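This is what each chain is made of:
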Amino acid sequence: MSAPFDYADAGIPVRSDLADAYRDVWARIARPGGFFTGAERIAIVEEARRARSCALCRERKEALSPESVGRQHDAHPRLSVSAVEAIHRITTDPGRLSRSWFERTTGDELSVPQYVELLGVLVASISIDAFHRAMGFTLEPLPEPVAGEPDGYQATGARMESAYVPMLPANGARGAEADLWDGSRTANVVRAMTLIPDSVRMLKRLSAAQYLQMHEVANPAATGGRAIDRAQIELVAGRVSALSECFY
Amino acid sequence: MSGQEFDVRAVTDAKAAQESGVAHAEELLAFADAAIGDDVLATAGARQALLEAMGPEAVVDTAAVAANFQRMVRIADGSGIPLDTPLELISAGVREDLELDELASEHVRPGGGAWKRVVGRVLSPVLRRALQLTRGPRAGA
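These protein sequence lines are chains A and B, in that order.
Per the numbering used here, the first sequence runs over residues 1 to 248.
Per the numbering used here, the second sequence runs over residues 1 to 141.
Where hints are given, some of them may not hold.
[Claimed, not checked] Partial pick of chain B residues on the chain A-facing surface, computed with a CB cut under 7 Å:
#1 Ile36
#2 Leu41
#3 Ala42
#4 Gly45
#5 Gln48
#6 Ala49
#7 Asn68
#8 Arg71
#9 Val73
#10 Arg74
#11 Ile75
[As the list claims (entries may be wrong)] Calculated lysine to any residue pairs in the SDA-like style (CA-CA distance at most 25 Å, straight line):
#12 A:Lys61 <-> B:Gly55
#13 A:Lys204 <-> B:Gly21
#14 A:Lys61 <-> B:Ala53
#15 A:Lys204 <-> B:Val40
#16 A:Lys61 <-> B:Val40
[As the list claims (entries may be wrong)] A partial selection of chain B residues facing chain A, derived with a Cβ cut-off under 7 Å:
#17 Val22
#18 Glu26
#19 Leu29
#20 Ala53
#21 Asp61
#22 Val65
#23 Ala66
#24 Phe69
#25 Ala76
#26 Gly80
#27 Pro82
#28 Thr85
Everything labelled a hint here was simulated from the structure, so no lab data went into it.
Being a predicted model, the structure only gives us computed values, none of them experimental.
Note that beta-carbon positions come from the ideal geometry of N, C-alpha and C, so glycine has one too.
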């Protein structure tokens, strides 16, 4: 059995830093997190893949309002109905998420820290799978879960602002979270998942390989040594964001 | 980028893409479009066209950027974060040109209307420089 993300036979040269980042994130997903076991985190990835062919999601996507379709998803053997709902909606219809949806979806079955951890695992796996689909590669098999219990860790400095979830303040990258960003300011999208700091670490790892290092982003001359120039990078980034109805 | 000027309407307008000044914009956008869809054959065709135009390394890097931003949209929408204030001001003109406010999710739809667009256009060069100096990352970080 070959190592995960072995692109030797891909027929096209794939940068080793991409494979390294994917292997690292895949291993992180398989380990117990703050509020989910390794097996549950892998189930999140499995459910995200299933969402792409979900008939209910397709029906909701075509409806004027997703809330007008009354049925709900079935629970996964390892995940609650609320967790499955969050995975499917974030995967298939993120542009129409709302605060009321968030408040309905989180609660006893899916706590806010669980939601943030779910979001971190989900978006990491979506971007890795998206790369494989774009390249015409087979999706990477799911990793084997690492045994152990969630440690319950959440960033104690996280506070409610105007987002749905608590976040560390811009000057909150200190102590155990000092590695999340440099200095006293960063973008909201970096702070978004700081309640569960490991979600931000996966984000940084993937962004550095797929796009640019965090410190390079504001420098318009930075290309990260890519084969496409910065204008081409931003053209693709803008197009994907616009087609995904991503305003941010 | 870096002193060059490009037509930002290339992001949403196919004709503008061809005239944007970005090299191989047509092939890049066709691949980006296909990459976020479900049509395997369309993706393969767009990938081959980009491969012939720019080579294998560019295909990998374009696929990686497209994958990266499929993550960022879901972080923003799933967490309900607002636009960062400097970004909101800098992007006011671009949003107007591209009619992007029509796409805004509930949580990021900016308020302020016309005055913010005017202030944004006036302050944009200054804010861009300030952000660059302070190395403040934005959405893709």
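Review point. Broken hints, numbered, in rising order?
Key: As far as the earlier hints go, 2, 3, 4, 5, 6, 12, 13, 14, 15, 18, 20 and 28 are violated by this structure, in ascending order.
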